[in-house]
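So you can see what is in the structure, the chains are spelled out below.
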Amino acid sequence: MTTKAGVGYSTSRNPAEAGREAARKALLQAGIKVPDLVLVYATIGYDQQSLIDAIREETSRAPLCGCSGEGIITGNYINESNFAVSVMVIRSGQLRFHVTHAGKRPDSYDSGKALAGQLMPQIAEDSFACFVFPDGLAFNFDRFKAGYESIAVTREMPPLFGGLSSDNCSLSSTYQYFNGEVMIGGTSCFLISGAGSVAWAINHGCVPVGTRHIITKSRSNRIYEIDGIPALELLSDYLEEGWRENWNKATLNLCLGFSSPERIRDDYGDFIIRYLISKNDRDGSVCIQSDAPEGAELWIVRRDQELICRGSELLTDQFRQRIDGRKPKFILHFDCVGRGKLVFREQERLDLLNGIQDRIGVHIPWIGFYTYGEIGPVCGVNSSHNFTAVLVAVC
Amino acid sequence: MNNGTKYENNKELQEEVNRLRSENEALSGQLKRLIKVENRLYQYQQELDARLGEYQKLYELNRTFSSNIDMDDIFRHAIGFVINGLEYERAVIFKRSEESGNYELGCLDGYYEPAQQRRVAGVKIAADEPMISLLLQGWRDYLIYSETEQDLPLGGYAKRFLMDDFLIYPIGPFAGTPALLVIGNTARNRKLYRRISGKKGELLGVGNLAGLLSSTMENRIANSQMLKAINQERIAEAKYHGIFEHAVEGIFQLDRDGRLVSANPAMAQLFGYDSPEGLIGSVTDFISERCPDKRQRDVLRRHMLAADRLTNFEVRLARRDGSRLWALLNARIVRDSQGDFVCLDGFVTDITVRKESERELQEAREFLDKIINSIADPIFVKDKQYRWVLLNDACCNLFMRKRKDLLGKTDFELFNQAEASSFRKSDMMVLLSGKEHVNEGEFTDPAGMVHDIITKKALYRDSKGGRFIVGIIRDVTEIRKTGEALRKSEEMLTSVLDNFPGGVFWKDTRLIYLGCNRNFAQGAGLAASAEIVGRSDYDLPWGESEADSYRADDRQVMESRIPKLNIIETQLQADGRTVWFDTSKVPLYDSTGAVFGVLGISSDITERKIAEESLAKAREDLVRQEKLAILGRLSGSVSHELRNPLGIINNAVYLLKLMNPDATDKTREYLDIIKHEIDNSMRIITDLLDFARNKPPRTSSVSVSSLIETGMGKWSFPDSVQVRCDIAEDLPLLRINPQQIEQVLQNLVINAVQAMPEGGSLHVTAQLVQGSGFQVQGSDVEQRTTNLEPNGDFMEISVSDTGVGIAPEDISRLFQPLFTTKPKGIGLGLVVCKNLVEGNGGRIEVFSEPGKGTCFSLLLPVERDDD
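Chains as they are written, first to last, in this note's numbering: chain A, 732 to 1126; chain B, 10 to 876.
Accuracy of the hints is not assured; some may be wrong.
[What the hints assert, rightly or not] In silico lysine-lysine, BS3-like type, Cα no more than 30 Å apart, as pairs: (1) B/Lys-444 with B/Lys-393; (2) A/Lys-948 with B/Lys-45; (3) B/Lys-200 with A/Lys-980; (4) B/Lys-444 with B/Lys-465; (5) B/Lys-208 with A/Lys-980; (6) B/Lys-45 with A/Lys-980; (7) B/Lys-393 with A/Lys-980; (8) B/Lys-66 with A/Lys-756; (9) B/Lys-861 with A/Lys-948; (10) B/Lys-303 with B/Lys-104; (11) B/Lys-41 with A/Lys-980; (12) A/Lys-756 with A/Lys-948; (13) B/Lys-434 with B/Lys-444; (14) B/Lys-573 with B/Lys-636; (15) B/Lys-104 with A/Lys-980; (16) B/Lys-200 with A/Lys-835; (17) B/Lys-393 with B/Lys-465.
[Unchecked claim] Restraint ranges, calculated between C-beta atoms of paired labels, are given here: (18) B/Ile-230 with A/Gln-780: 53 to 61 Å; (19) B/Arg-72 with A/Asn-977: 34 to 42 Å; (20) B/Leu-236 with A/Glu-1037: 33 to 41 Å; (21) B/Glu-227 with A/Glu-788: 42 to 50 Å.
What the hints contain is simulated information worked out from the structure, not anything from laboratory work.
Glycine residues also receive a C-beta, built at the ideal position from the N, C-alpha and C atoms.
Please put together the full structure from these sequences, using the hints given.
Below, the structure written as structure tokens:
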């Protein structure tokens, strides 16, 4: 049996109706009744549990994985409102799927370790990809990776892909879906094994502004001082009035760029971009989604529309090259919140997406969401990204 | 490089550095501004996109509204736009109810729980609620309630709408405000939706919607009214066209030359044409060609010359085939300013059928008059003013006046005061009561002759509620005269019948008495002969069996038509006597020969019957006395001759028993039988001797208790019989022959035991019966003691059993000699008892009921002080 996949979406305000509609459309497109895996990405306006219950009911309670996003992405369609849900259903005789989660753990290291522990019994020789969807408001990828890889010293773990769940910049709660459960502060995950493979490409679109800066005081992923002055004070020069109250929106155009390691520079570019996920007004510190050691060099970077557009073309070329003539069974697309409606107008976003999909294949089942952080390996190293687009094809 | 050069170089370098720094700072500042501007740009972009999206949706909504005429559908699209386009959480439209004037749910969105939907569906907003009044009276464009804007007390509505922040907009034209739009959010989801704010920019979207909805609604209302007006115009046009086309009446127009200008299908049909065009084309001068009656033509033309309208003109018209029709013509004559004829608009109704009906009605009326006049009895009708309004010929003849002289007159104008008053009184009773009334009276005709009349009057109400007195008069003057003669004849007949010595009666075929004479009535206890009319024999004093017998004879006579003569029968009279009648019955025939009853004549033959019975009894007594005399003579000698041998046999049996103590059971049984039969024979002989003996007894004073106790000690009773004696204390002594009375008691006890072969109870009592004092309880005491010595005291000794009893027909013969019901009796025992008791100055009585038992009572004289 081949792999059948289908995608459906709904923008109905009624959570139950939206869940049923999206699931029904996905099943219809796939031509199946009972899927092996259900992927769900939804925005946060819905009563999440009602939404997931309706999807579960419609998909025969098949294994379900996913998370909330700032918007949904499917074939020729983007929606970044508070009420949009997309569902992909997959049934395959070639692939196996295992759905699990890491539980709710404050420390990302523990989450990574717990997840690896959950996955370990299921990982086989033919396991080729692991997709994770952590809480975008409380995540440190470096800690997570360390935990994940700490338990797998004896065997090679499949590469990590995914995106951080988001909440339409309300910075209150993001949600992770595991079967019928809706979690906050957790990490949902699915593992793919079997006769298949993955191909992926990653691209960002930021340019540095001004001169190099050095972190002079930090702890883990929290930066207290840059160039000897409080981080917030330094950054405030770039921010408009009211930034304290609207931090999430004010900083979407302003990120930190760190020099990328020499080994990935050719593939990835000169900078690893880090989004400022939170601030502390009392001590003037800011947080990013990976460790920020003292002494590290950084640049203030801004998004560049032209670069993003050019990057999309590069991304597509790179992706097609890596697919290498194989026919993708389905594609997962993790795009940064900062590359959506915050930067582009609606038609521009759609044009951008259509440009990618036209070049890769318009009929390939395509699902994705706007994230608070993207995950995809670079040069064999599991990595997290900001302001990037990560395309993953399962072939 | 020298120091100067070096210095200069350093200086230049320094300047260059400073310049670069300055530029760098300037560039840095520009970059910072650029980032800020970019950020602002992005925000503007988002707002612009949102606004454009909103306008796009509003545009689409407007198109939807434009292509939709259903306001409910428009409302649904509107609240869909609120949710999906304006991105509020909830929206409701309340429509004003035409019945209650309140605002009630039209449609809603954003409520996803059924319970929430039900709750909001139940919300009713009164138009006179203070806050709502502000909107409806135009004091406010909208009402707002949010966490920051609460200038009006709208909190109560939040609970009703299930919203924590909300806006209320009036929708539709100001007058009436047919709907309210309510949009809002819950506090829990406030962040996810567009916030409720009174700021101008924030209200733009919802304001646009409210305006669009209102204008759509106004347009719909205007369109609706316009469509309604157009429709009404069309309907009116169609109605008038329909009236013209489908009217039953002919509608036409004539021009000044008398030509038909227009005509409807009914007009064409009236004149025998298939279409109006056919009629119009065939007529050049309507009046000349279609109105055959010259007089009517002239009337029509005069009207056309001078009048403005022609009303209800009945005219004969000619059809296409020459046949005539009657028509009712109504027309309006149109004239110009000079008063010249312009045209005639007319309506023609075919009244041929009506005219035919009128003719038939006239004929019917004439026919009715003839019938009424052919009735020999006078018939009249008066109105409620008591005036004569209708009379037949007979009535006119009776009153000897012409009809015209009677019609419209009252009785007081025709008859004398007394007669008229009598008639008026009768009329008033009918009018007031509504009931039929018959009165007898008289009136004096113009010739002075007095007529006896009977008038029967009734009330008639016509369909309009008018009241009339309808009467029929019977002149009974001659009948009265004849009746008088008849009455005298009847009196004679009655006198004859009443003086007839026997009873005379006659009945109808149902055996109901039609009459009787006085004798018969007296026997029946009736005060007058007439009282028997309507009664049957069962209603009269005679017994039921007697009545059955009479009626059977009656039926036989009527069915057979053969008289039944000399029926000898009894009849219980009202005074309690039973009278013997010799009755003869004959059938009664009417003039057609049919039997209509039975006539009976009966003669009282009671005295004759008593004489016959006395004679028969005397004969019987004579024969019996003769027999008894012979029996007495024989019994004396025969009894002595038999008693001795029986005594010898009795002794022999006794000796055999004594000598053979070991005799077999069989032998002993046979000896017992012999002994028993000897005892029976001895008793018979004793009875014969006692019967023959006719000497007065030798009496002595005897105690009742000792008499009974002595007897009870001698007599034997089977085990199956229970014996009880109840003898009162302190009873006086009897003055009797004790041997004889003991013999009597023995006989009675033996009879009682024999009457109870299956066993039972035997009860012997003794009590004092005081002859004059009536001190013994019981209603029959007086009667029972009257045959004994007057005022004497008696002892009553009773022997009662619970045996088979005695048949009633045997009771009277019990004490006759030689009568017996026993197979081995000779019928002398009770005769002897009676003789002995009566010989002792007493009497014997018997009371018996078959199946229950028998009681023999002896009434014996007690010893008196002078004994």
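State the violated hints by number, sorted upward, taking the hints as numbered earlier in the document. 7, 9, 10, 12, 14, 15, 18 and 20
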